[in-house]
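Going down the list, the sequences are from chains A and R.
Each residue of the first sequence is one higher than the last, beginning at 780 in my numbering.
Each residue of the second sequence is one higher than the last, beginning at 780 in my numbering.
Honestly, the hints are just simulated from the structure, not real lab data.
Don't take every hint at face value.
Copies of the same chain look alike in the list, so a pair counts if it works inside one copy or between any two.
Only pairs whose alpha carbons sit at most 27 Å apart, straight line, appear in this in silico DSSO-like list of lysine-lysine [as the list claims (entries may be wrong)]:
#1 LYS1030 x LYS989
#2 LYS1026 x LYS917
#3 LYS997 x LYS1264
#4 LYS1226 x LYS1264
#5 LYS961 x LYS917
#6 LYS1035 x LYS1144
#7 LYS1254 x LYS961
#8 LYS1254 x LYS1030
#9 LYS1171 x LYS1035
#10 LYS912 x LYS1245
#11 LYS954 x LYS1094
#12 LYS961 x LYS1144
#13 LYS1094 x LYS832
None of the values given here were measured: they were computed from a predicted structure.
There are 2 protein chains.
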Amino acid sequence: MNPDSQQTTPPQPGAWRGPMLFVVAGVATLGLGLLAASIMERRVETKIALQPKTIGQPVVDSANWKDAYPRQYGSYAATEESTSHTKWGGSYPRDLLAEDPNNVILFAGYAFAVDYKQGRGHVHAITDPVETKRTQIKEQPATCWTCKSPDVPRLMQELGSPAAFYAYQDKEGSKGGFNDLKEEVTHPIGCADCHDPVTNGLVITRPALKEGFAAMGKDISKASHQEMRSLVCAQCHVEYYFQPEPKNYLKFPWDKGTNVEDMDAYYDSVGFTDWKHAISKAPMIKMQHPDYEVFTKGIHAANNVSCADCHMPYKTEGGAKFSDHHVRSPLLNIQNSCAVCHRSSEAEIRTRVENIQDKIAEGRKHAEAALAKAHFDVAACMQAGASDEELKAIRTTVRKAQLRWDYVAANNGMGFHAPQECQRVLAMANDLAQEARVSATRLLATKGHLNPVIYPDISTKEAATKVLKAFKDSKDRPDLLGTGKAWPEAAAAPAK
Amino acid sequence: MNPDSQQTTPPQPGAWRGPMLFVVAGVATLGLGLLAASIMERRVETKIALQPKTIGQPVVDSANWKDAYPRQYGSYAATEESTSHTKWGGSYPRDLLAEDPNNVILFAGYAFAVDYKQGRGHVHAITDPVETKRTQIKEQPATCWTCKSPDVPRLMQELGSPAAFYAYQDKEGSKGGFNDLKEEVTHPIGCADCHDPVTNGLVITRPALKEGFAAMGKDISKASHQEMRSLVCAQCHVEYYFQPEPKNYLKFPWDKGTNVEDMDAYYDSVGFTDWKHAISKAPMIKMQHPDYEVFTKGIHAANNVSCADCHMPYKTEGGAKFSDHHVRSPLLNIQNSCAVCHRSSEAEIRTRVENIQDKIAEGRKHAEAALAKAHFDVAACMQAGASDEELKAIRTTVRKAQLRWDYVAANNGMGFHAPQECQRVLAMANDLAQEARVSATRLLATKGHLNPVIYPDISTKEAATKVLKAFKDSKDRPDLLGTGKAWPEAAAAPAK
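With the sequences and hints as input, model every part of the structure.
Given below as structure tokens:
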């Protein structure tokens, strides 16, 4: 035997690889096993979580859902604390007349010129409409309650039909049913507005949305779960109006579609007008909050993202994953909302959103300034003696311009839900308002007035409110022409 | 010994797991090994590919780069075949005057009203400017060649300075240097415009971009490789003008920034005007193609995507990965371009882009119509006897409106590179144009003309060209006021 063979062979480079590989494989397998076990456990948990729970009575009181869904209830209750995101200075709720006094002029003769605040969180849904001056200065129909409480579907059932609810009045001579129902409608927007108390699943509780879909030839009962995560919101976050016949019947103006042009054409086709403008006497439409309509035109909708995905994102507490019912601006919750899909820092996301909103705000400002001037231009024509016949086409243009502006201005999200569409619509609004001004300028000239219209100071809420009051009060109307002469009697009569 | 112990124990459930795991681990390890080997091999290949190659002489001839970079050269050569994407009907190059006859009116008095076609691919960079009527109807300065050929940096060096090139004239009495240099400038945009022939890396060959950065206090030599992948494009795809002093010196109007307002303010500050409008006599600015400026305002730039990422995306042939030098619309190459980041079908991506472009087109249409009318409104004032002094402010407003419209209209991508910004700018353009019209309407009235201006037919290129010709030809100016009287002599004089 060669003694050399007794020598220990030095380890070959890489000889450790075999055992090492085995250890790595072992650790990996253990890890996979634990992961699989965790997944299986989570699936069991989820199945349990998805089983319907029994809800306490009455189900219209959200507190009775608390035991079954403590996390969802807890986050829902947090809507009491809603705040504006920091950009708007923290004053809450925002006074939209003080923030933008043009609103006083644009809504002249309508309750929004008197009180126009940012809506608060869902738990304030009873308090806010009772406290706003809009329901105090004028008796409002029962229909105004439709979106405020789960008591409403209950009342519709008790009264026998939605129509009976919308037309409700409890005493002879009552001019509206809003105050008449104060004692019946007491629970703010809550669980039962969107959830079936038996299956606990999502459900459409308001007839107007179903009817709106049907009018477009769509069957809402075929909506997927993901679609329902937007549609429960669309029960209320839409443009709507109260039909004169059936009395105060709530309807979405969707018969021709949900583009702003479609809704404009619809209102024209039924000859509907919300109010006569106190300054220009134009027949106006107030857009409410066409959030769903705008949202469907945007990129998030195109990618099948639902309202809930951003405004009620999933959240984990302990081992439980649930939808955060503290409905609010995603900008107050970027990490759980936007950042789930968008891999950017919170600061970057915020900047990106605010850049979009700033550009929309700029477009709004242009359109708004043109609209305010257009109302005064028409009034100047009236002061100069122009007839309703002469002003008809101009007033129609102003109506169409403001409807477009309001489609953007009234919708939540500052245009973020569909920036391209909102800018398109604002551009139209501006263009139409300016076209009205060109025509008004020419009409004014035919009446012998060649100087620029003297626009009153509307730079603050107080100043604008003073101007509005002067217009309502026939004898104090501002002298827009600078002639020093009194207004003709017909033109000075109040708008209503 | 208990005979039972001799019995074969039946396999326990799951007893196969041990050997199976070992096999799986083995296969996985083999796979990882192969992957690692492939990665190492690719890295070696890449290192070799990145080593500078020797380029044949003269380097201004792109064919001399072919041996070293056959794939890049081959794709570059394909720019000969560029086509518009299908939406524009396949006519190529698009005639932008026929497609949109408003252009004839908006550029009245400027060469773009005579010939305005879509630019073709890079290999046509010599043919296109020679063939366009824009360089034929008027002698153009040598500066016009700046972006057309790698012969330009060579000539700047041979002539001793960029200034000497810009001011070049080869004979006494020549009114421009463009034709004078035809024999010197013969190689279309190619390799040497963006690549250093020694290092083969990206390089800025044009002084105007360096100077533009310097004017904003930025040092372009500090740009990262990713930034360079946009900046080589920004040498030409920008707004620029020729300074009167130093003679025809190429300058980007970026001293105050690259927002449209910044450039507007810059041009005002230096009192520059491209031409006097043939219809309104307004002092106009032609925006060229502010692609880089617009791009930097968009979401792709915000995410550090470069021009080359979308317009020259990476491509693999055999084992080699290279940048596709067939520069073109990503819509002609969605799979390699957009789809690398955006996980949607080609059809979805196309629809999304076209939706954005359609909305921009709508905003453009509004602004354009208002602008065309504004030019005629000013002309109507002239016909009515308004003085230059009376029209000064209105003409300034028209200038500012059209500069904004053109910032969007002239830039490539139909607004896609920064949709929000483009819509913001178009809204301003429209607003300003309409403000000008309100003022013009009032001025017209002070001259005793209360009827609407009679706008001539400009619905086709031919009709619009006829109108333009009539305006240039003092005796045939259209009767915008419908008075049947001849134009006052001063107003009827040609614009130039």
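Results of checking the hints against the structure:
1. LYS1030 x LYS989: Within one copy only: 10 Å inside a chain, 61 Å across chains, cut-off 27 Å.
2. LYS1026 x LYS917: Within one copy only: 17 Å inside, 72 Å across.
3. LYS997 x LYS1264: neither (58 Å within a copy, 61 Å between copies)
4. LYS1226 x LYS1264: Both, since 14 Å and 24 Å are each at most 27 Å.
5. LYS961 x LYS917: within (15 Å within a copy, 79 Å between copies)
6. LYS1035 x LYS1144: between (29 Å within a copy, 24 Å between copies)
7. LYS1254 x LYS961: This pair counts as neither: shortest intra-copy Cα distance 39 Å, inter-copy 77 Å.
8. LYS1254 x LYS1030: neither (39 Å within a copy, 61 Å between copies)
9. LYS1171 x LYS1035: The answer is within: 25 Å in one copy meets 27 Å, while 46 Å across copies does not.
10. LYS912 x LYS1245: This pair counts as within: shortest intra-copy Cα distance 17 Å, inter-copy 61 Å.
11. LYS954 x LYS1094: This pair counts as neither: shortest intra-copy Cα distance 47 Å, inter-copy 72 Å.
12. LYS961 x LYS1144: neither (38 Å within a copy, 51 Å between copies)
13. LYS1094 x LYS832: within (20 Å within a copy, 56 Å between copies)
Checked against the numbered hints above, the structure violates hints 3, 7, 8, 11, 12; every other hint is satisfied.
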